[in-house]
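Quick mapping for you: the protein sequence lines, in order, are chains C and P. Residues in the first sequence are numbered from -3 upward in steps of one, following my numbering. Residues in the second sequence are numbered from 8 upward in steps of one, following my numbering.
These are calculated hints, taken from the structure and not from any lab test. One should not assume that every hint holds.
To be verified - Computed list of lysine-lysine pairs in DSS-like fashion (alpha-carbon distance at most 27 angstroms, straight line):
id, chain 1, residue 1, chain 2, residue 2
1, P, Lys62, P, Lys73
2, P, Lys71, C, Lys102
3, P, Lys73, C, Lys102
4, P, Lys73, P, Lys27
5, C, Lys102, C, Lys65
6, P, Lys73, P, Lys48
7, P, Lys71, P, Lys21
8, P, Lys48, C, Lys102
Since the structure is predicted, the reported quantities are computational estimates derived from the model, not experimental observations.
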Amino acid sequence: AQSVTQLGSHVSVSEGALVLLRCNYSSSVPPYLFWYVQYPNQGLQLLLKYTSAATLVKGINGFEAEFKKSETSFHLTKPSAHMSDAAEYFCAVSDGQAGTALIFGKGTTLSVSS
Amino acid sequence: GAVVSQHPSWVICKSGTSVKIECRSLDFQATTMFWYRQFPKQSLMLMATSNEGSKATYEQGVEKDKFLINHASLTLSTLTVTSAHPEDSSFYICSLRGLAGETYNEQFFGPGTRLTVL
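Based on the provided sequences and hints, a complete structural model is requested.
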């Protein structure tokens, strides 16, 4: 079985500061890992994904994540936060099998103050 | 990537009525679609996997007679909440999955439908 744990339900940073959102996964097979962002009353937008290629994955809006197998982690970072980054962020895992859904973490709310 | 639409985006209904939510793939033929629900300030919980031309597969604890899923074509899946009650009020999101190429294993989400049952 697969699972995802997001440490910290709420993260607050100042504009321009480093953003670090933590995600640890559990999987018995090589995982596919994703980060999604959700703005209020909207669906999910893919930020980036890891699919067993490069361990450092660059996504949209300046976000990136590094897959660390030894730590079973896939933390999301952004060097400099912007006010528009305030949203809900979800880490998700898949086993890569056709027809299987994503398993989501509980989400982390990112607040950005000026 | 695929474009997924949902209709309606917001619906308010009286307790005891049934509500149908449509999930359409606008540019992608999806043999499999997924239905999630999301309560306020919570994560997405998978409700069921919708397979074109066959019965949906429901997750444990999800009542299949209450949440009727029909995947009649490669571009349309519907979720009907039957005899809705206030506790069914939630944000319902559908998604479909890429099966090949750059989008392999990526899921494309609809914008969601907010259901409020009075």
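Structure-based check of all given hints:
no. : hint               : in the structure
1   : P:Lys62 - P:Lys73  : holds (14 angstroms)
2   : P:Lys71 - C:Lys102 : holds (25 angstroms)
3   : P:Lys73 - C:Lys102 : holds (25 angstroms)
4   : P:Lys73 - P:Lys27  : holds (12 angstroms)
5   : C:Lys102 - C:Lys65 : holds (21 angstroms)
6   : P:Lys73 - P:Lys48  : holds (24 angstroms)
7   : P:Lys71 - P:Lys21  : holds (21 angstroms)
8   : P:Lys48 - C:Lys102 : holds (9 angstroms)
Hint compliance for this structure: every hint is met.
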